[in-house]
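Position chain B relative to chain A; hints supplied.
2 protein chains.
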Amino acid sequence: MRQYFWLLLLPAGPAAAQATAPLTVQLDNVRLQVARNAAGQPTYAVQFGAKPVVTTSRLGLALADGPGFDGPLEITGSETKDVDETWNPVWGEVKTIRNHYRQLTVHLRQPQQPGRRLDVVFRVFADGVGFRYEVPRQPGLSYFTVQQELTEFNLPANHKAFWIPGDYDSNEYAYTTSRLSEVDTTPIEAIQQKAAPHRVQTPLMLKSDDGLYVNIHEAALVNYPAMMLDVDPATYGLRSHLVPAATGAAAYLQAPEHTPWRTIVVSDKAPEVLVSKLILNLNEPTKFPTTDWIKPQKFVGVWWEMHVNKASWNYADTSNLKLAGTDWNRLKPNGRHGANTTNVKRYIDFAAQHGLQSVLVEGWNVGWEDWAGNWKEEVFDFVTPYPDFNVTELQQYAAAKGVQLMMHHETSGSVTNYERRQQEAYRFMKEHNYAAVKTGYVGRIIPRGEHHDGQWMVNHYNHTAALLGQNELMVDMHEAVRPTGLHRTYPNWLASEAARGNEFNAWSSGNPPEHETILPFTRLMGGPMDYTPGIFRIKLESWNPAQNKGRQVHTTLAKQLALYVTLYSPVQMAADLPEAYEQHLDAFQFIKDVAVDWDDTRILAAEPGEYITTARKAKGREDWFVGSITDENPRQQTVKLDFLTPGRQYEATIYADAKGASWDKNPEAYQIRKQKVNSKSTLRLQLAAGGGAAISLRPIQ
Amino acid sequence: MRQYFWLLLLPAGPAAAQATAPLTVQLDNVRLQVARNAAGQPTYAVQFGAKPVVTTSRLGLALADGPGFDGPLEITGSETKDVDETWNPVWGEVKTIRNHYRQLTVHLRQPQQPGRRLDVVFRVFADGVGFRYEVPRQPGLSYFTVQQELTEFNLPANHKAFWIPGDYDSNEYAYTTSRLSEVDTTPIEAIQQKAAPHRVQTPLMLKSDDGLYVNIHEAALVNYPAMMLDVDPATYGLRSHLVPAATGAAAYLQAPEHTPWRTIVVSDKAPEVLVSKLILNLNEPTKFPTTDWIKPQKFVGVWWEMHVNKASWNYADTSNLKLAGTDWNRLKPNGRHGANTTNVKRYIDFAAQHGLQSVLVEGWNVGWEDWAGNWKEEVFDFVTPYPDFNVTELQQYAAAKGVQLMMHHETSGSVTNYERRQQEAYRFMKEHNYAAVKTGYVGRIIPRGEHHDGQWMVNHYNHTAALLGQNELMVDMHEAVRPTGLHRTYPNWLASEAARGNEFNAWSSGNPPEHETILPFTRLMGGPMDYTPGIFRIKLESWNPAQNKGRQVHTTLAKQLALYVTLYSPVQMAADLPEAYEQHLDAFQFIKDVAVDWDDTRILAAEPGEYITTARKAKGREDWFVGSITDENPRQQTVKLDFLTPGRQYEATIYADAKGASWDKNPEAYQIRKQKVNSKSTLRLQLAAGGGAAISLRPIQ
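The listed protein sequences correspond, in order, to chains A and B. Here full-length UniProt numbering is used: position 668 in the first sequence is 668, and no number is missing along the way. Here full-length UniProt numbering is used: position 682 in the second sequence is 682, and no number is missing along the way.
Keep in mind that the hints are not guaranteed to be accurate.
Given that identical chains are not distinguished, each listed pair holds provided it fits within a single copy or across any two copies.
Calculated lysine to aspartate or glutamate pairs in the EDC-like style (CA-CA distance at most 20 Å, straight line) [claimed, not checked]:
id: 1; residue 1: K322; residue 2: E257
id: 2; residue 1: K287; residue 2: D327
id: 3; residue 1: K549; residue 2: E668
id: 4; residue 1: K295; residue 2: D70
id: 5; residue 1: K269; residue 2: D230
id: 6; residue 1: K295; residue 2: D327
id: 7; residue 1: K322; residue 2: E134
id: 8; residue 1: K194; residue 2: E668
id: 9; residue 1: K549; residue 2: E257
id: 10; residue 1: K640; residue 2: E651
Think of the hints as simulated: they come from the structure by calculation, not from any bench. Quick caveat: nothing in here was measured; it's all calculated off a predicted structure.
Bound conformation, chain A alone:
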């Protein structure tokens, strides 16, 4: 019966159908206009001062079941409200965040039967606009399927864009910098699934010739697929494309429901984009009853030694095993297994000696012999260690030294298998005193046909964060969908990968020197990344000459230090091996000292694809840290220390590229110097090609 109710309940003669005069909301420089086009479809446009940011662009949702919101819609009413409040994140780049916006809610209705209703809610901030679709509770629409979203972001000119291909299953691409008219994913080798030729991912960073910096992304991705953008190279129009489910539809929803926020951050200054809290503000506050168990931290791990072919994740070299039928004690060990008790103790000793909180161990659990690429459901069980990994002994050893082991759950994309075993896996973690888990989703997803960035997987990631939260456990997700500020809601979700991390330097063409200058303008707009900085042994041949021939990280050593400041994350790995650090303990001192949680952040200079200089004040302390990085060009950066407390003296320790250093020829040449400074001081940093500098600033008692 239900589907016929609305025929009766639809009010006759909607009075507001004539409301076609544009609705306008402005806050500071940002101006939003909502109207209808000649076809009667709702549109919006955004200006920054006098400059167009988004020209008249359609809004709409196409449904799979009955008339959707893709045709003409009447505006039946609207409301506005102003909000100005502050809140304190559990951890973050700043201690206090202001949430100041003007909200416009526009009520829409199909002019024809069945007269289904849709709201669009806009929030206009000083640094941009967020909007989302809301399907209110209504008689004619309870369960519905979004076939596609028709949101446009029409751009006024052929901007420069920093983009990666719209792969439904991976964000692990180097960025291409091109005009919108030149966007073409065709020549780019697919990481997982080949993108359509003009499809790119968000966050998409744009720069206009008239000096605007525009970032398009989304906030609070919940119960919905990730949004990609289809670029029209002729008109510079962007149109949303939702990652499809196995069925081809996009999202299965139940009213009342809303989409994630579509976000447009805009400024005429690049640093303003980086400090924007628009995305975080559009996320819901956490509902966790307590958060004192959430600890920003640094860690080392049995990990990079596998990437540089010094050790293996797998215990044996036997392939084609079955999880259920294998007697792991009878396998012949290959002698290269990294996650053995002795080796892990070495990392625990190192972490304890240098005050790092945790030790990640990958390859501790059975299943790595043929874990990837087989689209196989039962790969890991998450609770059975290899014969040479003594969980209890290591837990006690670590505890005695004040260190915690960090759990690792690689799912190899078999998510149904993980979900069956999650509760048991988390009980195992609690039982053995693990406080955090690094999860992984390498390879094709099971349920087969689903994608990493589709609705089903989005729900899985959020479900996992919530379930871990209930267990007071923290998480760092790899190969998950790119973040959208959900760490406000789930502050135990410390970081994600969801971009091309440092690891690519170990076994591929690597990351170009500009890569880390683009990441904060793109991937990091949504949240922290576990980039795994801190590689000291830049040329990788010495670890394994046969297998690493010619491989190196595209960086100087000093730049690796700077990344701890320029790439924000509350969980930072010191990714290299203890023996690499032990050869440069003077430089390692910066990693020991640098904070992972902050009271304040200043972007001192930034240009995507070129350079970033960032200063941050450690949480609850007077110490400041500065990181400065450049692309493949050597560069001088002038750092005015006017953020320091006036009248106070500080000791600056400057970790800089040495003369003659460069990422390709001489990457490990660095110099460390100390000098006294105050708020009137200016430092001049010489960054090598592909180089950087890191500074710690400690008040002198």
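The following block gives chain B in isolation, referenced to the frame of chain A:
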């Protein structure tokens, strides 16, 4: 590297390539021939005496990844062995089962590179043939995907067939009886998903004009999709069609692996088909360490009263609820909720009074307000009762009366949600003293795109049986794939639905009177069915005149009693309401008396679509029970009691259709008479149109 190894390891010059003379194996009347056709493809053929059963038919598997087994294959060798053994099922139709077969293993290899190997293993029994494909461990093939299976069952003539459409998601069809040339699913309304025009399901029952009864099905369906059959109406050829995954492929496998057994049961006597243990014999023995917790049983339940619109599963009439966001205590009760504490106590009282073991309660847990048809992931949590269902009070009440509650887990097809919650749900069952669960899979499956009968769901059902087994819990699965004898391996899997049950009589065109005479020849070949017999109030209007207008079960009352014998199951519901039984306690006595586990079974007469008369001896007792049913035609059945122990006197209680009874005009007219009999006695039963008779035979002390 792995994929190149086989190039080196393939032995040069296979010596057995010329082995094209047919391989022949015979046991009693059944003769198998294996050969190669002109194209070099392997074939088989089956004869029964001089009569062809399956004419020359192709064997083959098409793979999605590289050269498969669909082209020519060399026969590189073969082996035979003879097995003759007996075993005792945990429960069943007979106490002891003989497993006697001759096995032929045929080794096949691709004649070209990569020379992948495939074995086909045949077992020839006195009553048919089983065969399966086995992919041995080999260097060139570890992980592989079966795109389709190419097994043919070519029939020598235009047999009569008893078939249902090849719906990937439902078996709940009435049977069509037609010649093979007339198979056409087009006019049949789909229950879930429309079948291809000539696609039918197994078990497929066939009768040839020269008097052979042939049943085609499969045994031990594990890690593989169900097999459907595509009928060629011109040639009478059948070809396997595997239910596809969401991706379109059929099965994701890892060598060594094998398919289920393809089974051909054949006899010139219809009863021989019904007593065949071929399918059970092709299943693996159980690995459960103990089985004494597995109890065949009868039960009543809060269930039929919902089907006849006297009560509701749902507690409130509010629709469009969300599981997580609903305060169930604040919903307005509709006053018709069946699973309320008071009503359940009434069933417990009834079960206790009449010696029935269990009380099923459907609708006890929150979520029924809009549970079906929405393809919604979070419908039920399996642990939260409605406000008017007191789990603890009822558990104690039942225990005090020596009765157990039977759990109900309706998943509404959202299997990922169920899998997430299974462990917790089973803990809840153990905590509250439930010993068995009826599961349900109504509606479209989540993971979306998967089918009830595809590999992923097959794995789910088997996983569920295993997991319940670990918890010493029994299960009765509804809307699961049709059985293939896996109750030998999982004896806690008491029954499945997987066919059109009695419930259809309550709210659809119902089941024609012939239906139950076909079920044992089709659906029940694979295992027991929870058909829910025992409806005494045949005309349903009296329960709810407005909503049940003209509805009735297509049966006489006496036939409902007979079904407890003719439709074998170790778990039998007395499906009607206590108040219906209380009006006919004399007839209900048969349901109280009839056994659900047996030492012996004799099919005294049977013809699919017409009649069945079955006698069974109660496990460990001297009591026999006889059931006799007919289709829409009245019929006399002569029952020779020569199965009784010679020289012993028995009291026969005969529950028969009364004079003038008929399923449509006078269904509730029955008569009960008692008489003394012995092994030389013959009873003449007058079965009404759509009627039946039930007899209990008790030795006189």
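Taking the hints in turn, this is what the structure says about them:
1. K322 <-> E257: between (42 Å within a copy, 11 Å between copies)
2. K287 <-> D327: Only across copies: K287 and D327 sit 18 Å apart there, 44 Å inside one copy, limit 20 Å.
3. K549 <-> E668: within (18 Å within a copy, 88 Å between copies)
4. K295 <-> D70: Neither. Shortest intra-copy (46 Å) and inter-copy (58 Å) distances fail the 20 Å Cα cut-off.
5. K269 <-> D230: neither (26 Å within a copy, 67 Å between copies)
6. K295 <-> D327: neither (38 Å within a copy, 34 Å between copies)
7. K322 <-> E134: So K322 and E134 pass the 20 Å test across copies only (17 Å; inside, 47 Å).
8. K194 <-> E668: neither (37 Å within a copy, 67 Å between copies)
9. K549 <-> E257: Neither way: K549 and E257 sit 54 Å apart in one copy and 40 Å across, limit 20 Å.
10. K640 <-> E651: This pair counts as within: shortest intra-copy Cα distance 15 Å, inter-copy 108 Å.
Hint violations for this structure: numbers 4, 5, 6, 8 and 9, all remaining hints satisfied.
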